[in-house]
Every structure is written in structure tokens, then in C-alpha cells.
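K.L.:
Start from the sequences, fold in the hints, and give me the full structure.
Keeping their order, the protein sequence lines are chains U and A.
When you number the first sequence by the working numbering, it's gap-free, plus one each residue, and the end is 210.
When you number the second sequence by the working numbering, it's gap-free, plus one each residue, and the end is 1210.
Calculated directly from the structure, the hints in this document are not laboratory data.
As the structure is a computational prediction, the values presented were derived from the model and not from experiment.
Keep in mind that a hint or two might mislead.
To be verified - Here are the computed lysine-lysine pairs in the BS3-like style, where the Cα-Cα straight-line distance is at most 30 Å: (1) A:K1043 / A:K1002; (2) U:K158 / U:K209; (3) A:K1209 / A:K1158; (4) U:K158 / U:K2; (5) U:K209 / A:K1158; (6) A:K1002 / A:K1158; (7) U:K43 / U:K2; (8) A:K1209 / U:K209; (9) U:K158 / A:K1209.
Stated by the list, open to error - Okay, the calculated bits of chain A under chain U, using three or more residues with CB under 8 Å as the criterion: (10) 1134–1144; (11) 1167–1175; (12) 1183–1189; (13) 1192–1204.
Said to hold, decoys possible - Which residues of chain U face chain A? A partial, calculated answer using Cβ under 10 Å: (14) G141; (15) S146; (16) C150; (17) A174; (18) E179; (19) S185; (20) L188; (21) L189; (22) V196; (23) G198; (24) G200; (25) I203; (26) A204; (27) R210.
Each residue gets a CB set at the ideal place from its N, CA and C atoms; glycine is no exception.
Protein chains: 2
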Amino acid sequence: MKIGILGAGNVGGTLGSAWARAGHDVCFGSRQPNDARIADLVKSAGARASAVTPSDAVARGDVVLIATPWDATRQALTDVGRLSGKILLDATNPLQGGLAGLDFAGGRSGAEQVAAWAPGARVVKIFNTVGFNVMANPRFGAERASMLYCGDDGDAKKIAAELAAAIGFDPVDAGPLAEARWLESFALLWIRLAVVNGQGREIAFRLMKR
Amino acid sequence: MKIGILGAGNVGGTLGSAWARAGHDVCFGSRQPNDARIADLVKSAGARASAVTPSDAVARGDVVLIATPWDATRQALTDVGRLSGKILLDATNPLQGGLAGLDFAGGRSGAEQVAAWAPGARVVKIFNTVGFNVMANPRFGAERASMLYCGDDGDAKKIAAELAAAIGFDPVDAGPLAEARWLESFALLWIRLAVVNGQGREIAFRLMKR
Chain U
1 MKIGILGAGN VGGTLGSAWA RAGHDVCFGS RQPNDARIAD LVKSAGARAS AVTPSDAVAR
61 GDVVLIATPW DATRQALTDV GRLSGKILLD ATNPLQGGLA GLDFAGGRSG AEQVAAWAPG
121 ARVVKIFNTV GFNVMANPRF GAERASMLYC GDDGDAKKIA AELAAAIGFD PVDAGPLAEA
181 RWLESFALLW IRLAVVNGQG REIAFRLMKR
Chain A
1001 MKIGILGAGN VGGTLGSAWA RAGHDVCFGS RQPNDARIAD LVKSAGARAS AVTPSDAVAR
1061 GDVVLIATPW DATRQALTDV GRLSGKILLD ATNPLQGGLA GLDFAGGRSG AEQVAAWAPG
1121 ARVVKIFNTV GFNVMANPRF GAERASMLYC GDDGDAKKIA AELAAAIGFD PVDAGPLAEA
1181 RWLESFALLW IRLAVVNGQG REIAFRLMKR
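P.N.:
Okay, here's the thing in C-alpha cells:
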């Protein structure tokens, strides 16, 4: 799989590196692709990783991960040209300042806003519900953390689930993209447990079935 | 512990029966305490269970569980007299019709609305995030389902956590009562996964730590 990354911070860097090590071709998009931090990231991610401009990351990717801070998301998606037809994995969360809540502007979840900013993209909400430390290692003893995802394109969801499983998550289909508001609320629950309410960041939910 | 139950439906009936079997004194409050359904419930719950009026259930309980449908909650709390000083376990969810969302009236979570309707009560949000079938049996193989709770009264939270552990849950402190909106959103995630999006009701989340 060829994967372009928009937002090579903690989340994009961690997921891109994990996918490159799992054998996927990963292009980290950066406005400064020769920046020392990006060079270090590419080096640690191995031979299948490279740093390019955001537009090139999108042009080369069959799959594009958007993992920008929320207030940079709209600009990042509109700067990079045509996303129509691409599988767009939305790992963002529309966080309000101070982690106070979620910015469901116009009553729309973050994922629905992302879909509106990337016409024709096959959006899957995924990789938004745990911290990057859990993405780096989704295993808790013998158990794997669950990774909930939702979207309206069945083939795109299948690939998203495969990319989650490839790095150690247990993927869970949470339904159509309209469910993204509950995944974004779930993300804020994780964040507030981890950062505000004393549970610490080395936590993750697993959905059990019987 | 003496526990009064407001709302002897699936949730209140299941929790009250489990607590009675665990050795607590449980009063099911009902406007028809001699109703055949309530009599069956009391009989199956055993010698420590009884059926009384809602006001008597509150008067006798050190702990009161509110487990009414959302649109009956305000009336149920205001009908029963003084709740000040009682530990009030809020298992309700402010569900909109069709499970479309949550009714955070005036920007307040359900638990914050409940607290306003029960002045002086020591409110703990708990038992709202899984279905009654999981409350009847929180064990999934060797694992226990997590039960998240939040509140502003430390002693009340401690008792709430003990009552969760007594029936098989792994209690998780999610912080002050202001966090209830995230627990109520988490409840809707469970409900929508179970009922709308094909996972079925025999599911529960466990918070893993490492």
C-alpha cells in the first residue's frame, strides 16, 4: 500500500513509521521536507519511508492519513489538491481549547467537516481514539487495544481495518460516518481520563464480546 | 447497605436483584408496589428485597439508584421528597428519540440536570454505560467489564465503586461530576454499537492499563 501522511507530528509520525516497518510505502508530507526533524523521522522509519511535500504525499498515496491539529485541518486538506477517490483516514479530533469539549460546527462531527473539505474522498474515521503512545504499541499483555472506525465506503473501511490490524490493533466496525461524533466523544473520554483525571496515558479500551 | 431503587425496569430490576443477592437490603420503589410484575421481581431477588412506594424507597435508602427513562426522571426525583444527603446513583441517560443523540439541556449533562433536581444529593454518575444484560453478568470469560463513574463527593464515589465491584464490575474513577457528559456519550456509543451497528448486546468495554 502507498500511504501519504498529512501532519507528521506524534500521531502521523508514529502511524507512518509503524506502517513503513510493516512493509508499506509511506510518504510523510511536510512543508519543510528537508527539515532535520522530518529527516530523523524518515531515518528511524526505515527504507520504505520518505519525506515529500504535502501535495506529493497526497498524489502518491492510495491512502491518505490526516493527523493534523484541528485548527490546521481545513487548510491542510484544501492546500493539497485533489483528494477525490482517495481513501482518507481521519485521525483528527475537533478539540476545543483546554480539552473542554468538541467543536461540532453546524452540528457536524469533525469527520463530517473533513468530508466536506475533501470532496469525493472516501473518508474513514479511525486512529482518533487513543494517544500516539498506544498507537506505537497497542498491546497490553496478551490483549490488543480496540480501534473503532466508521465510514460510508465499505472497501475503504476494509483497508482501514487492515491497516489497524497490521500494527497490532483489534479493529471494530462502528458503522457509517455519521457515527463519528461518538468516536470523537470517545476520544475525549480517553484524553480526559489520561491527561486530566489521573489514569495516565498507558491506558486503552478493549471491546469484549461473548 | 440499604438501597432504594427508583425505576424498577430492566436496569433497576437487574441491579437491585444483584445487590439483594449480594446481601444488601433493597427497596424497589413503585407507584404500584403490589403489582404482579413487582411481586415477581421481589420474589426472584430474594429475602433482602421488598417493594414499597417510591417515597418509602428513598426514605429507607442510604443509597438511592435512579434508573428511570429520561423523560420520567425529573418527575421521579421531585415526587419522592427529600434527597438531600443521600447518595444518588444516576444510571439514566438523556437520550433523544430514536437514539439520535443526547439532550444536554442548557449545556448540562444528564447528571448535572439530575443534581439540580435533587438538591443536596451526593450524585454519582454510574451504571449508565452498558445494557442491563451486562449488569446481570459483567464477566466476559476471565475478564470483567469496566464501570466508569464520576462525581464530586469522594465518600459517595467510594461506595458507588464498591457497589459496582460487588456485582462483578471493575470500577474506574473518571473524575468529577462534570465528566458525566463523556460517560453519557460513551453510553450512546455502547447503545449504538449494540443496537444500531450490528455488534449485538453481548459487548462491553474494558479499560486496560499497563
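K.L.:
What are the numbers of the hints that this structure violates, sorted from low to high?
P.N.:
Violated hints: none; all satisfied.
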